[in-house]
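2 protein chains.
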Amino acid sequence: MRAAIITIGDEILIGQILDTNSGYIAKALDKIGVQTVEMVSISDDKTHILNTFSKFQDQVDLVIVTGGLGPTKDDVTKKTFCDYFDDELVSDPKVLAHVEDLFEKFTGKRQPLLQTNIDQALVPSKATVLFNHFGTAPGLWMQKDNTVFMSLPGVPYEMKGLIDQEIIPKIAREYKRPYIVHKTILTYGMGESLLADKIAGWENNLPEFIKLAYLPSPGRVRLRLSARGMDKALIEKTIEQKVHDLTAIIGDIIVGFDDSETIEVMLGKQLTQKGKTIATAESCTGGKIAQVLTSVPGSSKYYKGSIVAYHKQIKTEMLGVRPETIAQHSVVSAQVAIEMAQNVKKILNTDYGIGVTGNAGPTTDDTPEEIGVVYIALATPHETVVERFNFGQPREKVIDRAVSKSFEMLQKEVLKLKD
Amino acid sequence: MRAAIITIGDEILIGQILDTNSGYIAKALDKIGVQTVEMVSISDDKTHILNTFSKFQDQVDLVIVTGGLGPTKDDVTKKTFCDYFDDELVSDPKVLAHVEDLFEKFTGKRQPLLQTNIDQALVPSKATVLFNHFGTAPGLWMQKDNTVFMSLPGVPYEMKGLIDQEIIPKIAREYKRPYIVHKTILTYGMGESLLADKIAGWENNLPEFIKLAYLPSPGRVRLRLSARGMDKALIEKTIEQKVHDLTAIIGDIIVGFDDSETIEVMLGKQLTQKGKTIATAESCTGGKIAQVLTSVPGSSKYYKGSIVAYHKQIKTEMLGVRPETIAQHSVVSAQVAIEMAQNVKKILNTDYGIGVTGNAGPTTDDTPEEIGVVYIALATPHETVVERFNFGQPREKVIDRAVSKSFEMLQKEVLKLKD
Numbered sequence: 001m002r003a004a005i006i007t008i009g010d011e012i013l014i015g016q017i018l019d020t021n022s023g024y025i026a027k028a029l030d031k032i033g034v035q036t037v038e039m040v041s042i043s044d045d046k047t048h049i050l051n052t053f054s055k056f057q058d059q060v061d062l063v064i065v066t067g068g069l070g071p072t073k074d075d076v077t078k079k080t081f082c083d084y085f086d087d088e089l090v091s092d093p094k095v096l097a098h099v100e101d102l103f104e105k106f107t108g109k110r111q112p113l114l115q116t117n118i119d120q121a122l123v124p125s126k127a128t129v130l131f132n133h134f135g136t137a138p139g140l141w142m143q144k145d146n147t148v149f150m151s152l153p154g155v156p157y158e159m160k161g162l163i164d165q166e167i168i169p170k171i172a173r174e175y176k177r178p179y180i181v182h183k184t185i186l187t188y189g190m191g192e193s194l195l196a197d198k199i200a201g202w203e204n205n206l207p208e209f210i211k212l213a214y215l216p217s218p219g220r221v222r223l224r225l226s227a228r229g230m231d232k233a234l235i236e237k238t239i240e241q242k243v244h245d246l247t248a249i250i251g252d253i254i255v256g257f258d259d260s261e262t263i264e265v266m267l268g269k270q271l272t273q274k275g276k277t278i279a280t281a282e283s284c285t286g287g288k289i290a291q292v293l294t295s296v297p298g299s300s301k302y303y304k305g306s307i308v309a310y311h312k313q314i315k316t317e318m319l320g321v322r323p324e325t326i327a328q329h330s331v332v333s334a335q336v337a338i339e340m341a342q343n344v345k346k347i348l349n350t351d352y353g354i355g356v357t358g359n360a361g362p363t364t365d366d367t368p369e370e371i372g373v374v375y376i377a378l379a380t381p382h383e384t385v386v387e388r389f390n391f392g393q394p395r396e397k398v399i400d401r402a403v404s405k406s407f408e409m410l411q412k413e414v415l416k417l418k419d
Numbered sequence: 001m002r003a004a005i006i007t008i009g010d011e012i013l014i015g016q017i018l019d020t021n022s023g024y025i026a027k028a029l030d031k032i033g034v035q036t037v038e039m040v041s042i043s044d045d046k047t048h049i050l051n052t053f054s055k056f057q058d059q060v061d062l063v064i065v066t067g068g069l070g071p072t073k074d075d076v077t078k079k080t081f082c083d084y085f086d087d088e089l090v091s092d093p094k095v096l097a098h099v100e101d102l103f104e105k106f107t108g109k110r111q112p113l114l115q116t117n118i119d120q121a122l123v124p125s126k127a128t129v130l131f132n133h134f135g136t137a138p139g140l141w142m143q144k145d146n147t148v149f150m151s152l153p154g155v156p157y158e159m160k161g162l163i164d165q166e167i168i169p170k171i172a173r174e175y176k177r178p179y180i181v182h183k184t185i186l187t188y189g190m191g192e193s194l195l196a197d198k199i200a201g202w203e204n205n206l207p208e209f210i211k212l213a214y215l216p217s218p219g220r221v222r223l224r225l226s227a228r229g230m231d232k233a234l235i236e237k238t239i240e241q242k243v244h245d246l247t248a249i250i251g252d253i254i255v256g257f258d259d260s261e262t263i264e265v266m267l268g269k270q271l272t273q274k275g276k277t278i279a280t281a282e283s284c285t286g287g288k289i290a291q292v293l294t295s296v297p298g299s300s301k302y303y304k305g306s307i308v309a310y311h312k313q314i315k316t317e318m319l320g321v322r323p324e325t326i327a328q329h330s331v332v333s334a335q336v337a338i339e340m341a342q343n344v345k346k347i348l349n350t351d352y353g354i355g356v357t358g359n360a361g362p363t364t365d366d367t368p369e370e371i372g373v374v375y376i377a378l379a380t381p382h383e384t385v386v387e388r389f390n391f392g393q394p395r396e397k398v399i400d401r402a403v404s405k406s407f408e409m410l411q412k413e414v415l416k417l418k419d
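Chains as they are written, first to last, in UniProt numbering: chain Z, 1 to 419; chain W, 1 to 419.
In isolation and in its complexed conformation, chain Z is listed as follows (with noise of 0.2 Å):
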């Protein structure tokens, strides 16, 4: 079972937008077995896409199309699948109703729909129409020989509903697929070309049907073990054996298995199940551990809420950081970090409470310590600890790296909890 995935749009071959929504959607295919073997990003352009369509037809079992559905001229998505299948467009009247249903909700009054708005319900006349429940623009599928062809929305949101909800199910339950087994082995602490040597003879040993990824990163590699086939149980153990296997060569770098869970699901998880609650005081992060951890939906349960500390006056005035601290050892420093985690646990009533000030740069604040230097403390019931980093710079990677190293510290300590 094969795929191929086509982004159309001309923001994305100027590099005005990343393509998120092909890697989204590779994901859901491999999950139920579908292959990927291309992702293609074109122009708006109606030759373009039916010879990239040509070229995918008998070569892979589904096309999946994202882009160029929207109202507006640039779009020509559905005009090109008329050509393709030498149909042409109908109005679906439960689309229509559809849109005119999210424009009185939206406005709050009915009212006449521009053609623009009435055009979104022209769908081709022998397509399978999927339902959009998050947008005006319906989802496509049509078959032609042994190839399907999907039509979705490229707004992020519309495009996941439509797979998550629609397509992926569809799949499921009208194609025989291969079993896929993933398994990644986090490993921490020695670079590729040493970590490659080392298991050499392992992965020599490797039977045909399981191939082998390395995915460095600054200071560890993910390996990914991908194995497929029909024969479930086999794939299941002979994956085990060799995980088994390579655990008694290098189990001394190995931290972990599961590469899907983001670190504030994890912690989020973990948090509900301990029955423990957080608190967060922001400098640097500028409210981003907050956005983080309330992106996990539930979040309500264990994150009460941040002060978003921006201005040195608040951190004394509404967390009480004392100015003769800040006078001391300058409003970047691990008294102060420590003064905001303590202090706003305790104004939130919470087991935990993280405080993180620092230079995020690109200018320095009224301190002695240089750009790129975030304190982090974490308050817990017993103790606080603090940390000092120096992320240098962009701005953004000096964000994101405070915030993650802040989860890194929290569920440090969240682990040792008994349950």
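Hints were generated in silico from the structure; no laboratory data involved. A virtual CB, placed ideally from N, CA and C, is assigned to each residue, including glycine. Heads up, some of the hints might be wrong.
In silico negatives: residues of chain W with every beta carbon more than 12 Å from chain Z [to be verified]:
1) GLN16
2) PRO207
3) LYS232
Partial chain W-side listing against chain Z, Cβ under 10 Å, derived [unchecked claim]:
4) ASP164
5) TYR214
6) ASP351
Let chain Z serve as the given structure and place chain W on it in line with the hints.
What follows is chain W alone, placed relative to chain Z:
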């Protein structure tokens, strides 16, 4: 001058890693007048890579390949280049010396290299070698007929170094290219359909060499004009005239022209210029308003901070929302939003205060309001305005739209100020 970008790596095709390289390269090419006609991601499979090379041969002038150059076995790009160019690998002494230097620097001592690292210095004998300052794998430049094929490492900062320091200067030196102008017009507060309807006449009169694209995001639409041609003066003059004509039609919703300027950057400039300050009180947006405002360097001049009152109790205890207000109107109500905005403005002593309360979903709070409903209040020096929205679902969309709506409300007020 046309280019294609190929990304090699299974990790992209299973959605484990997002391809950010292609967008970076496309943007750099676009700036020097090279048009990217297609981006492709394929697996580490020699046959598939060779087929893709053949497809682009004669179709484009430049083919830029990233990925598949590391020291481990899953990397096949160099061998495939040898196949395609009927060439063989030879050791490059300059690259080998560089690899030795890098390891010495990293480990602090000169030591024998592993075979996998020695092999990093192998390059096709006919290739022009491009020096990689930030890593061991060099860039390659090879020509067949009229098409140049380039290979770059997949690690983003190594790829960026080669693009900025080697590839772009070399293309700019060796090729004659057309002139490209993009102009982006930022509009706020009008939907894509209505906007398209309003400017249809203007759009139909655009000359052949100017393309228009609509780039909608929650609450706003960017219009992008792209012109391409050899006559620089004509292109620039025509774009200028067309923007002037457009301003006559929709001047009231145009908020800026620089695409690098987001609404938070514009707000920052306006608030700084007018010497005004702002504070926020967030519930369902969970700190995202703070995070977006503070993503702007220099935001500490006008942004004092936020109280992220994720838990009901924080709203009353820290923000001073009256318990009777919550009891009478529920936590998701105009009255609560108003008190949040007014109180945070007072507590943090600012000119403006924003208060946001709503049901982001997927589950609902203790309120009769449905999921997706958000109240946003803006307290100004003279009055407090409040608006009710229903952003539907999913959660991500509710949060993003609430953030942009609050910025729109603030901008409307800020624009009223006299200089």
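Going by Cβ atoms, does W/GLN16 stay more than 12 Å from chain Z at every point?
violated (7 Å)
Let's test the interface hint: is any C-beta of chain Z closer than 10 Å to that of W/ASP351?
Check failed: Cβ of W/ASP351 comes no nearer than 13 Å to chain Z, outside 10 Å.
If you take the shortest Cβ to Cβ gap from W/ASP164 to chain Z, is it below 10 Å?
violated (14 Å)
Using Cβ atoms and 12 Å as the threshold, tell me whether W/LYS232 really stays out of contact range of chain Z.
Fine: 18 Å to the nearest Cβ keeps W/LYS232 off the interface.
Taking C-beta pairs only, is W/PRO207 more than 12 Å away from all of chain Z?
holds (15 Å)
Do the numbers back the hint for W/TYR214, that is, is its least Cβ distance to chain Z under 10 Å?
holds (4 Å)
In terms of the numbered hints stated before, the structure departs from hints 1, 4 and 6, listed from lowest to highest.
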